[in-house]
Every structure is written in C-alpha cells, then in structure tokens.
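S.K.: Using the sequences and the accompanying hints, generate a full structural model.
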Amino acid sequence: MNHAAAHRLGLTPRQHACYQAIAAHMEKHGIAPSYDQLCAALGVNSRGAISNLVQELRQRGWITYVTGSRSSIQLLPEPGRYELPAELQARLLAFCTAHDDDPAGVVADAVTLFLDGAGGIVAS
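The numbering of the sequence shown is the working numbering, which starts it at 33 and goes up by one.
Hints are computed from structural coordinates only; laboratory data are not their basis. Among the clues, some could well be false.
As the list claims (entries may be wrong) - Okay, the calculated beta carbon distance ranges per label pair:
#1 D134 - A72: 41 to 51 Å
#2 Y114 - R90: 13 to 23 Å
#3 D68 - A118: 16 to 26 Å
#4 T129 - P45: 17 to 27 Å
#5 R46 - G100: 26 to 36 Å
#6 G149 - C128: 17 to 27 Å
#7 R79 - P109: 49 to 59 Å
#8 N84 - A122: 37 to 47 Å
All figures in this text were calculated on a predicted structure; none of them were measured in a lab. Just so it is clear, CB atoms sit at the ideal spot from N, CA and C, and this is done for glycine as well.
M.R.: Spelled out as structure tokens, the structure:
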C-alpha cells in the first residue's frame, strides 16, 4: 500500500503526519502506536489532540478500530483500492492470463453482477 498518497486524497498536513506516524510505527513494530507514542512522534503534548486527529482519520476512511485490541488502530486500503486474499488474487490472475483479460475489468464485472443479483442489498 502506498501511504504517501494519503496527503493527495484529502488529509490536512497534520492528519497526513499522523497517518504517516501510524504507518511507520506499524511497519517497524508490527502493532499500532499508543497515543503517547503518537504524541512523541508528532511533537504534541496533548493526548486529546491525538485523539482528535485519530478520530478525523477514522471519519475520512483512512483507519478503523479493532475492538478488544490494545493496539486497536488499523490502516485501511486507499479509497478505491481493495486487496484480495492471496489465493483469490492468484486465481484471478490465472483466469485473466488464460482468457487474455484485465483483472480490474473482471473484478468490476463480478461486483456489478453480484450487486445486480442482490438488488442493491448487500449484507455486511
């Protein structure tokens, strides 16, 4: 995932810095940072300010929370980008290679067929 694109897609400079700090911490340590760690990374003294930044990132669709986890922040894929499980991705690529088709087009067709069949009602 290209975390650098976050700034171009509607984050303020401060939100972008917070997102980058979260992403960097997760890449280095494998878990989300605490609010205290984000305070240190961003040079902020107030955990409330960090809480506001994290809430704004969640509202803008860049992160979510994992309930019941101490390090509950989770990065989301960039809007408009989705990741398939590895096995499904391999099957998609094999199909596209065999049929000389574009993976993005196949996925778009499959989603359209699914949504049309569901009458626009999709259970979450």
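S.K.: State, for the Cβ atoms of D68 and A118, whether the hinted interval 16 to 26 Å holds or is violated.
M.R.: 35 Å, violated
S.K.: Against the range 13 to 23 Å, how does the distance between the Cβ atoms of Y114 and R90 compare: consistent or not?
M.R.: The hinted range 13 to 23 Å holds for Y114 and R90, with Cβ atoms some 19 Å apart.
S.K.: Between the beta carbons of R46 and G100, is the distance compatible with 26 to 36 Å?
M.R.: 29 Å, holds
S.K.: Go ahead and decide if the range 37 to 47 Å is satisfied by the Cβ distance of N84 to A122.
M.R.: At roughly 41 Å between Cβ atoms, A122 and N84 fall inside 37 to 47 Å, so the hint holds.
S.K.: Lying within 41 to 51 Å: is that true of the beta-carbon distance D134 to A72?
M.R.: Since the Cβ atoms of D134 and A72 sit about 45 Å apart, the hinted range of 41 to 51 Å holds.
S.K.: Can you tell me whether the CB distance of G149 to C128 sits inside 17 to 27 Å?
M.R.: Once the Cβ atoms are compared, 22 Å apart, the range 17 to 27 Å for C128 and G149 holds.
S.K.: Is the distance from the Cβ of R79 to the Cβ of P109 consistent with 49 to 59 Å?
M.R.: 28 Å, violated
S.K.: Taking the CB of T129 and the CB of P45, does the distance hold inside 17 to 27 Å?
M.R.: 43 Å, violated
Hints 3, 4 and 7 from the list above are not met by this structure, while the remaining hints are.
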